[in-house]
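Participant: If you want the building blocks of each chain, they are given just below.
Number of protein chains: 4
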Amino acid sequence: MSEGQTWTTELSWAEPNRVLVRGYHLDELMGRVSFAEAIYLLFRGELPPPGIRPLLEALLVASLDHGPGAPSALAARTAASTGAALNAAIAAGVLCVNRHHGGAIEDCMLLLERTVAQKREQGKTAGEVARETVKAALAAGRRLPGFGHRVHTHDPRTARLYRLAEEAGVGGEYVEMMRALQEALREAGKDLPINVDGAIASLLCALGLPAALGNVFFIIGRVPGLAAQAYEEATTQKPMRRLDPAACRYAGPPERPLARS
Amino acid sequence: MSEGQTWTTELSWAEPNRVLVRGYHLDELMGRVSFAEAIYLLFRGELPPPGIRPLLEALLVASLDHGPGAPSALAARTAASTGAALNAAIAAGVLCVNRHHGGAIEDCMLLLERTVAQKREQGKTAGEVARETVKAALAAGRRLPGFGHRVHTHDPRTARLYRLAEEAGVGGEYVEMMRALQEALREAGKDLPINVDGAIASLLCALGLPAALGNVFFIIGRVPGLAAQAYEEATTQKPMRRLDPAACRYAGPPERPLARS
Amino acid sequence: MSEGQTWTTELSWAEPNRVLVRGYHLDELMGRVSFAEAIYLLFRGELPPPGIRPLLEALLVASLDHGPGAPSALAARTAASTGAALNAAIAAGVLCVNRHHGGAIEDCMLLLERTVAQKREQGKTAGEVARETVKAALAAGRRLPGFGHRVHTHDPRTARLYRLAEEAGVGGEYVEMMRALQEALREAGKDLPINVDGAIASLLCALGLPAALGNVFFIIGRVPGLAAQAYEEATTQKPMRRLDPAACRYAGPPERPLARS
Amino acid sequence: MSEGQTWTTELSWAEPNRVLVRGYHLDELMGRVSFAEAIYLLFRGELPPPGIRPLLEALLVASLDHGPGAPSALAARTAASTGAALNAAIAAGVLCVNRHHGGAIEDCMLLLERTVAQKREQGKTAGEVARETVKAALAAGRRLPGFGHRVHTHDPRTARLYRLAEEAGVGGEYVEMMRALQEALREAGKDLPINVDGAIASLLCALGLPAALGNVFFIIGRVPGLAAQAYEEATTQKPMRRLDPAACRYAGPPERPLARS
Numbered sequence: 035m036s037e038g039q040t041w042t043t044e045l046s047w048a049e050p051n052r053v054l055v056r057g058y059h060l061d062e063l064m065g066r067v068s069f070a071e072a073i074y075l076l077f078r079g080e081l082p083p084p085g086i087r088p089l090l091e092a093l094l095v096a097s098l099d100h101g102p103g104a105p106s107a108l109a110a111r112t113a114a115s116t117g118a119a120l121n122a123a124i125a126a127g128v129l130c131v132n133r134h135h136g137g138a139i140e141d142c143m144l145l146l147e148r149t150v151a152q153k154r155e156q157g158k159t160a161g162e163v164a165r166e167t168v169k170a171a172l173a174a175g176r177r178l179p180g181f182g183h184r185v186h187t188h189d190p191r192t193a194r195l196y197r198l199a200e201e202a203g204v205g206g207e208y209v210e211m212m213r214a215l216q217e218a219l220r221e222a223g224k225d226l227p228i229n230v231d232g233a234i235a236s237l238l239c240a241l242g243l244p245a246a247l248g249n250v251f252f253i254i255g256r257v258p259g260l261a262a263q264a265y266e267e268a269t270t271q272k273p274m275r276r277l278d279p280a281a282c283r284y285a286g287p288p289e290r291p292l293a294r295s
Numbered sequence: 035m036s037e038g039q040t041w042t043t044e045l046s047w048a049e050p051n052r053v054l055v056r057g058y059h060l061d062e063l064m065g066r067v068s069f070a071e072a073i074y075l076l077f078r079g080e081l082p083p084p085g086i087r088p089l090l091e092a093l094l095v096a097s098l099d100h101g102p103g104a105p106s107a108l109a110a111r112t113a114a115s116t117g118a119a120l121n122a123a124i125a126a127g128v129l130c131v132n133r134h135h136g137g138a139i140e141d142c143m144l145l146l147e148r149t150v151a152q153k154r155e156q157g158k159t160a161g162e163v164a165r166e167t168v169k170a171a172l173a174a175g176r177r178l179p180g181f182g183h184r185v186h187t188h189d190p191r192t193a194r195l196y197r198l199a200e201e202a203g204v205g206g207e208y209v210e211m212m213r214a215l216q217e218a219l220r221e222a223g224k225d226l227p228i229n230v231d232g233a234i235a236s237l238l239c240a241l242g243l244p245a246a247l248g249n250v251f252f253i254i255g256r257v258p259g260l261a262a263q264a265y266e267e268a269t270t271q272k273p274m275r276r277l278d279p280a281a282c283r284y285a286g287p288p289e290r291p292l293a294r295s
Numbered sequence: 035m036s037e038g039q040t041w042t043t044e045l046s047w048a049e050p051n052r053v054l055v056r057g058y059h060l061d062e063l064m065g066r067v068s069f070a071e072a073i074y075l076l077f078r079g080e081l082p083p084p085g086i087r088p089l090l091e092a093l094l095v096a097s098l099d100h101g102p103g104a105p106s107a108l109a110a111r112t113a114a115s116t117g118a119a120l121n122a123a124i125a126a127g128v129l130c131v132n133r134h135h136g137g138a139i140e141d142c143m144l145l146l147e148r149t150v151a152q153k154r155e156q157g158k159t160a161g162e163v164a165r166e167t168v169k170a171a172l173a174a175g176r177r178l179p180g181f182g183h184r185v186h187t188h189d190p191r192t193a194r195l196y197r198l199a200e201e202a203g204v205g206g207e208y209v210e211m212m213r214a215l216q217e218a219l220r221e222a223g224k225d226l227p228i229n230v231d232g233a234i235a236s237l238l239c240a241l242g243l244p245a246a247l248g249n250v251f252f253i254i255g256r257v258p259g260l261a262a263q264a265y266e267e268a269t270t271q272k273p274m275r276r277l278d279p280a281a282c283r284y285a286g287p288p289e290r291p292l293a294r295s
Numbered sequence: 035m036s037e038g039q040t041w042t043t044e045l046s047w048a049e050p051n052r053v054l055v056r057g058y059h060l061d062e063l064m065g066r067v068s069f070a071e072a073i074y075l076l077f078r079g080e081l082p083p084p085g086i087r088p089l090l091e092a093l094l095v096a097s098l099d100h101g102p103g104a105p106s107a108l109a110a111r112t113a114a115s116t117g118a119a120l121n122a123a124i125a126a127g128v129l130c131v132n133r134h135h136g137g138a139i140e141d142c143m144l145l146l147e148r149t150v151a152q153k154r155e156q157g158k159t160a161g162e163v164a165r166e167t168v169k170a171a172l173a174a175g176r177r178l179p180g181f182g183h184r185v186h187t188h189d190p191r192t193a194r195l196y197r198l199a200e201e202a203g204v205g206g207e208y209v210e211m212m213r214a215l216q217e218a219l220r221e222a223g224k225d226l227p228i229n230v231d232g233a234i235a236s237l238l239c240a241l242g243l244p245a246a247l248g249n250v251f252f253i254i255g256r257v258p259g260l261a262a263q264a265y266e267e268a269t270t271q272k273p274m275r276r277l278d279p280a281a282c283r284y285a286g287p288p289e290r291p292l293a294r295s
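Chains as they are written, first to last, in my numbering: chain R, 35 to 295; chain B, 35 to 295; chain F, 35 to 295; chain Z, 35 to 295.
Calculated from the structure, these hints are not laboratory results.
Among the clues, some could well be false.
Said to hold, decoys possible - Straight-line Cα separation of at most 27 Å, DSSO-like style, residue types lysine-lysine; simulated pairs:
hint: 1; chain 1: B; residue 1: Lys-169; chain 2: F; residue 2: Lys-272
hint: 2; chain 1: B; residue 1: Lys-158; chain 2: B; residue 2: Lys-224
hint: 3; chain 1: Z; residue 1: Lys-272; chain 2: R; residue 2: Lys-224
hint: 4; chain 1: F; residue 1: Lys-272; chain 2: B; residue 2: Lys-224
hint: 5; chain 1: R; residue 1: Lys-272; chain 2: Z; residue 2: Lys-224
hint: 6; chain 1: Z; residue 1: Lys-158; chain 2: Z; residue 2: Lys-224
hint: 7; chain 1: Z; residue 1: Lys-272; chain 2: R; residue 2: Lys-169
hint: 8; chain 1: F; residue 1: Lys-153; chain 2: F; residue 2: Lys-224
hint: 9; chain 1: B; residue 1: Lys-272; chain 2: F; residue 2: Lys-169
hint: 10; chain 1: Z; residue 1: Lys-224; chain 2: Z; residue 2: Lys-272
hint: 11; chain 1: R; residue 1: Lys-224; chain 2: R; residue 2: Lys-272
hint: 12; chain 1: B; residue 1: Lys-169; chain 2: B; residue 2: Lys-224
hint: 13; chain 1: R; residue 1: Lys-272; chain 2: Z; residue 2: Lys-169
hint: 14; chain 1: Z; residue 1: Lys-169; chain 2: Z; residue 2: Lys-153
hint: 15; chain 1: F; residue 1: Lys-153; chain 2: F; residue 2: Lys-169
hint: 16; chain 1: B; residue 1: Lys-272; chain 2: F; residue 2: Lys-153
Please put together the full structure from these sequences, using the hints given.
Facilitator: Right under this line is the structure:
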């Protein structure tokens with residue numbers, strides 16, 4: 035950039051006594067829109083239609099935390115265990131959200147963008163495109179992102195997200211394609227659940243987000259978990275211990291029902 | 035930790051087809067509590083009373099983004115400009131949230147914890163403690179955290195947070211002390227606004243959070259902003275440019291009213 | 035990995051009163067090999083032949099520091115300016131060493147690996163392969179990594195590295211190809227210097243390092259610079275200042291000759 | 035900083051075809067000074083006296099790597115295992131070098147600065163100051179940094195460093211004080227070895243480095259190890275594996291003598 039030239043941002047602006055986010059005064063947003071809605075505004079440029087709010091909250095809550103064994107949690111705890119400041123421990127955790135941890139969201143979004151485009155352009159059904167995709171993947175020895183999980187066989191988060199999406203009228207072609215891919219995998223002898231990454235991926239596509247932001251949504255949802263893991267480590271454990279997640283036991287409140295509907 | 039011994043976590047747990055957060059099934063929380071409420075649950079162990087929800091959302095929305103000139107935004111953009119993955123750019127931004135950027139929340143919480151404890155233990159009024167505190171700070175040439183801002187003289191976020199806190203019946207002794215300190219500063223010739231850090235600090239104290247988590251709340255609120263800044267940089271600007279925030283201009287939607295109450 | 039199974043490392047090992055690096059006792063290496071030689075040992079598995087030591091040292095010294103305007107230095111200073119610990123400031127800087135900053139080394143190594151392989155397999159001269167490569171790059175509008183620099187027209191580090199390489203008898207096909215590419219660019223009307231990234235790339239190839247480690251060598255060489263920039267920022271500047279590299283002036287020792295040969 | 039004003043750096047400077055480090059042309063340094071000497075120059079402002087070169091190299095080699103079980107190595111491997119770029123994995127490792135891992139160097143330097151100052155100012159012997167210091171520490175239940183190690187009872191790196199220091203004529207009051215503290219601990223019933231952190235601390239003090247840079251020197255020495263650990267993880271292991279350092283076995287070259295003196 036040469037001197038004197040200006041560059042622009044469309045996101046937000048701070049000047050004396052005024053902070054704008056996408057044209058709205060930040061103080062007017064406060065108390066009127068939820069944190070999740072404000073995040074949607076920041077990335078999409080407009081506030082979400084009111085009907086999708088429960089789904090939006092759920093998409094972030096789904097990533098909140100997943101126990102101390104997740105690699106990002108382990109890295110955050112390891113940093114905390116050496117005496118790192120909490121922001122540094124969070125950063126160490128965020129650095130572990132990549133292709134093999136959280137990143138399946140982005141890969142699955144790319145898969146859905148490609149297959150839904152094929153369906154549209156080639157005038158095929160979702161089932162046809164799905165069967166071709168699965169066949170090609172199996173022939174190449176590739177796994178499809180968004181299916182199967184190293185811990186869960188029926189991830190309860192997937193069912194819940196799809197129910198909320200149905201209530202919000204969100205999903206359309208992307209959820210259809212996800213289910214067609216699952217069916218095609220089953221026909222090919224691979225009975226795999228749609229994992230939470232796959233469910234999130236299809237719904238973020240349906241909400242119009244680009245694949246490049248898939249990982250970002252997971253990170254936004256998981257940062258509170260990384261922070262809580264690091265804080266618990268710093269305040270309840272001895273420094274520099276050997277952190278073996280296989281030797282960990284849950285000692286929080288016992289399983290309890292939620293008194294809200 | 036010797037072999038075979040177990041360590042414990044009270045936060046969350048993942049086992050096949052079941053994810054618990056503080057005793058609740060994560061899938062039951064999804065769609066029933068907001069992201070902000072789930073964050074509160076993770077850190078405090080219980081869901082928040084329903085009445086404080088607008089305040090809770092506002093406390094996070096307040097930190098969402100503050101233009102491209104904030105040091106954390108600059109660092110995230112600088113990393114993105116060199117070709118960093120988005121998670122690495124976010125991490126670079128998070129590493130800039132420290133004592134001098136965001137960290138005033140923690141320092142102000144420590145100040146409020148100390149002064150409110152003095153008030154209780156010494157049977158003094160907030161005004162008396164505040165005047166002693168201001169006198170000692172001025173004598174030592176120390177600034178009080180939570181007052182004054184390098185950009186804003188009347189931060190609109192402060193007024194908004196305090197209004198929402200009043201509506202929620204939250205604040206009590208901590209907001210009282212914050213105002214007593216402002217008054218004592220004014221009497222000493224320093225007419226300084228309560229900045230957004232100070233407002234957040236007093237309300238997080240009132241919500242029962244430890245000072246060590248003050249910075250963490252700011253980070254959770256700001257990560258979406260860091261991500262959006264990095265994504266905008268990566269998708270709209272040339273790599274390796276000289277990033278001069280003084281040459282930046284806001285080109286987003288013009289100022290607009292919010293059609294919600 | 036299932037329980038009980040072991041995984042292996044070939045790098046180093048610590049057990050009571052014994053630390054091995056690639057089979058050598060670390061304490062025996064200390065004082066007998068230089069830091070640069072120990073780095074070579076760690077990555078290549080064997081100590082370097084004595085004759086290449088000056089070149090090896092120079093490859094790391096070449097990356098030591100490049101003023102406060104480099105994006106990695108800016109990020110490290112920005113973090114330090116907010117009050118980050120020095121290790122966090124260094125990490126923020128390291129996160130800025132990517133494709134567009136330092137990363138040209140890796141890209142250029144990939145280019146050289148590919149073109150030298152073509153030369154060997156197709157029985158062509160370096161010049162023939164270079165001309166084909168340049169033609170294809172220009173047709174596709176791609177720039178060749180390792181040529182041209184945003185600051186330097188004749189990078190003094192390149193000439194120096196190539197002289198040391200000649201003295202060490204290192205370079206061979208890779209330096210030949212680099213020069214053939216430069217010549218082919220010139221014939222095509224692009225008179226570009228081999229930049230320091232290109233010089234380092236060709237010599238790391240000649241030393242048998244994989245392209246994936248190109249960026250790593252730059253980082254190892256630059257970490258002292260990032261640390262020094264962060265430390266200078268933390269100890270000589272006010273916190274949270276606006277960091278404008280265009281307003282910076284060098285105030286170190288004036289230009290001086292080196293009294294060593 | 036107001037517009038138009040300049041700030042200064044004393045470290046390095048890049049302008050077209052010229053890169054200065056502390057007044058020297060970088061290309062003149064290349065091939066004439068070692069990487070370790072250039073690091074010394076960057077931090078101290080002058081090249082080291084030639085006699086201390088072996089010690090300087092050894093101080094960095096001492097920190098090179100310490101097996102895959104060090105927390106920083108674990109964090110770097112964890113990040114690499116999730117698919118992080120190598121620079122991000124290195125950053126995750128660097129974020130784990132803190133008070134409880136590597137940070138003892140800084141704490142021990144502070145201890146030595148304080149005790150050597152007491153000795154000078156109060157006209158006492160090292161033994162007297164050491165006994166008072168140990169007595170106060172034991173009374174307060176504090177451990178002295180630089181003594182004892184969780185793995186080594188006689189760290190071979192300590193003996194080697196002190197031998198090289200003797201040969202270089204470096205150490206003086208700081209090594210004397212370190213030994214006086216060890217003796218005072220022994221008299222108090224605590225027979226603890228001077229660990230490698232303590233040895234490095236006393237020698238960095240003797241070389242005139244401030245305590246704030248103790249951690250930095252460890253990081254500079256360890257970054258190659260972090261990089262090598264991350265690279266080995268990325269190239270030889272499956273992604274997202276459970277990283278149990280207790281299940282790791284060394285499979286590098288067997289123990290071998292060094293054919294150099």
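Participant: Are the hints correct? Go through all of them and say.
Facilitator: Evaluation of the provided hints:
{"no.": "1", "hint": "Lys-169(B) / Lys-272(F)", "result": "25 Å, holds"}
{"no.": "2", "hint": "Lys-158(B) / Lys-224(B)", "result": "23 Å, holds"}
{"no.": "3", "hint": "Lys-272(Z) / Lys-224(R)", "result": "22 Å, holds"}
{"no.": "4", "hint": "Lys-272(F) / Lys-224(B)", "result": "22 Å, holds"}
{"no.": "5", "hint": "Lys-272(R) / Lys-224(Z)", "result": "22 Å, holds"}
{"no.": "6", "hint": "Lys-158(Z) / Lys-224(Z)", "result": "23 Å, holds"}
{"no.": "7", "hint": "Lys-272(Z) / Lys-169(R)", "result": "25 Å, holds"}
{"no.": "8", "hint": "Lys-153(F) / Lys-224(F)", "result": "23 Å, holds"}
{"no.": "9", "hint": "Lys-272(B) / Lys-169(F)", "result": "25 Å, holds"}
{"no.": "10", "hint": "Lys-224(Z) / Lys-272(Z)", "result": "45 Å, violated"}
{"no.": "11", "hint": "Lys-224(R) / Lys-272(R)", "result": "45 Å, violated"}
{"no.": "12", "hint": "Lys-169(B) / Lys-224(B)", "result": "12 Å, holds"}
{"no.": "13", "hint": "Lys-272(R) / Lys-169(Z)", "result": "25 Å, holds"}
{"no.": "14", "hint": "Lys-169(Z) / Lys-153(Z)", "result": "16 Å, holds"}
{"no.": "15", "hint": "Lys-153(F) / Lys-169(F)", "result": "16 Å, holds"}
{"no.": "16", "hint": "Lys-272(B) / Lys-153(F)", "result": "34 Å, violated"}
Checked against the numbered hints given earlier, the structure breaks hints 10, 11, 16 and satisfies all the rest.
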